[in-house]
Amino acid sequence: MDVPQMKSKLKYYGAETLRGIHAFVPEKEPKHYLYDLILDYPNRGGKGFRPGLCIASCKAHGGQLHQAKFTAVTLEMLHNAFLIHDDVEDESAFRRNKPTMHSAHSRAIAINVGDMMNALSLYPLWRNKELLGDKLAQRIFLEVYHLITESAEGQALELGWRQDNRCDLTEKDYLRMILKKTCWYTCIQPIRIGALIGSNGVINPDSFNRLGYFMGAAFQIQDDILNLIGEESAYGKEIGGDIIEGKRTLMLIHLLSECTSEEHRFIKGYLGTPMLGRDLADAKQILDLMHQYKSIDHAKKTSQYLAGAALKEFYTHFSHLKDTEDKAFIETIIMYMINRNY
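One gets this note's numbering by counting positions in the sequence shown from 1 and adding 24 to each.
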């Protein structure tokens with residue numbers, strides 16, 4: 025499958041999921057301050073990797089789209105709730121080329137909207153009993169419970185590192201953090217859940233953990249790279265925002281390990297300054313240092329290595345399946361994750 029075909033299928037699965045989200049948002053008050061806002065981020069569009077991977081994994085393992093539809097809705101609602109709360113925590117200004125929820129409204133309203141999205145995401149899991157039976161629905165509920173707790177733990181690590189101005193982190197620390205924050209809910213669990221649904225609970229979901237980890241890590245590193253060098257109109261977020269926010273990306277950790285002691289003191293001092301007091305010129309200087317020490321090149325090579333490892337895992341665990349569009353879709357999306365420019 026080529027990339028345009030993959031994007032077309034991703035768009036289709038995304039549209040089906042969005043239709044499902046609309047169906048689960050109540051038609052009642054308060055609309056202006058809550059229920060209309062719940063649809064804001066999903067309606068802006070997005071890559072739709074999570075529901076797409078879940079549905080494709082289900083179909084590749086013999087299932088049908090309708091069997092995964094409720095879980096896909098849950099995954100995408102949780103994702104958008106995480107984004108709303110992340111934007112508040114990071115003090116981000118833009119999301120998908122529009123002002124973030126808290127920028128357009130208020131921090132309090134944004135937090136409440138994210139809370140309600142988390143609550144609404146539970147009901148589709150209950151409805152899974154109608155489609156899949158009690159036993160499989162319960163297994164999927166526990167899968168989702170696990171991805172939520174792992175994601176919150178990963179976010180806690182990232183926020184804690186920034187709070188304590190940690191400048192002694194290693195690449196191993198970073199990879200452990202993104203395993204928790206990104207990999208479980210972006211790739212590992214969607215693939216596991218889809219395979220469970222498609223195989224009617226027969227398959228061992230643990231066999232997909234390495235595949236999902238390598239995919240998710242490659243995706244996150246590429247996302248961090250795009251934050252620094254991507255085209256802002258295509259990427260949909262402020263370029264260089266991760267430096268201003270003080271996120272401990274692979275590039276920053278590499279730079280801190282390679283730079284001189286004087287440069288290290290400068291970077292640590294910048295990161296120790298309250299965010300609103302950080303100078304854009306200093307952020308630009310840190311970006312220049314990343315280029316000077318080839319930190320971005322190092323991150324690109326790492327993401328490519330991880331994508332290669334993901335492909336190897338894919339062939340190991342999917343080669344015995346029939347050749348279908350959805351199997352080819354997952355294969356194509358692995359390479360797209362590191363070659364994308366948004």
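Worth flagging that the hints you see were computed from the coordinates, not collected in a lab.
By construction, the Cβ of each residue, glycine as well, lies at the ideal position given by its N, Cα and C atoms.
Honestly, I wouldn't trust all of these hints.
[Unchecked claim] Have a look at the derived ranges for each label pair, beta carbon to beta carbon:
id: 1; residue 1: 226; residue 2: 197; range: 19 to 27 Å
id: 2; residue 1: 133; residue 2: 321; range: 35 to 43 Å
id: 3; residue 1: 305; residue 2: 224; range: 55 to 63 Å
id: 4; residue 1: 170; residue 2: 196; range: 20 to 28 Å
id: 5; residue 1: 63; residue 2: 348; range: 31 to 39 Å
id: 6; residue 1: 88; residue 2: 321; range: 37 to 45 Å
id: 7; residue 1: 329; residue 2: 63; range: 21 to 29 Å
id: 8; residue 1: 170; residue 2: 321; range: 17 to 25 Å
Structure-based check of each hint:
Between residue 226 and residue 197 the CB atoms are about 37 Å apart, so this pair departs from the stated range of 19 to 27 Å. The hinted window of 35 to 43 Å between residue 133 and residue 321 holds, with their beta carbons roughly 42 Å apart. For the hinted restraint 55 to 63 Å between residue 305 and residue 224, the CB-CB distance of approximately 59 Å keeps it satisfied. The hint said 20 to 28 Å for the Cβ distance between residue 170 and residue 196, and at roughly 22 Å that hint holds.
Here the CB-CB span from residue 63 to residue 348 is close to 32 Å, well matched to the stated 31 to 39 Å. Restraint check, residue 88 to residue 321: a C-beta distance of roughly 44 Å satisfies the suggested window 37 to 45 Å. Between residue 329 and residue 63 the Cβ separation comes to about 39 Å, which falls outside the hinted range of 21 to 29 Å. Under the hint 17 to 25 Å, the C-beta atoms of residue 170 and residue 321, about 35 Å apart, miss the expected range.
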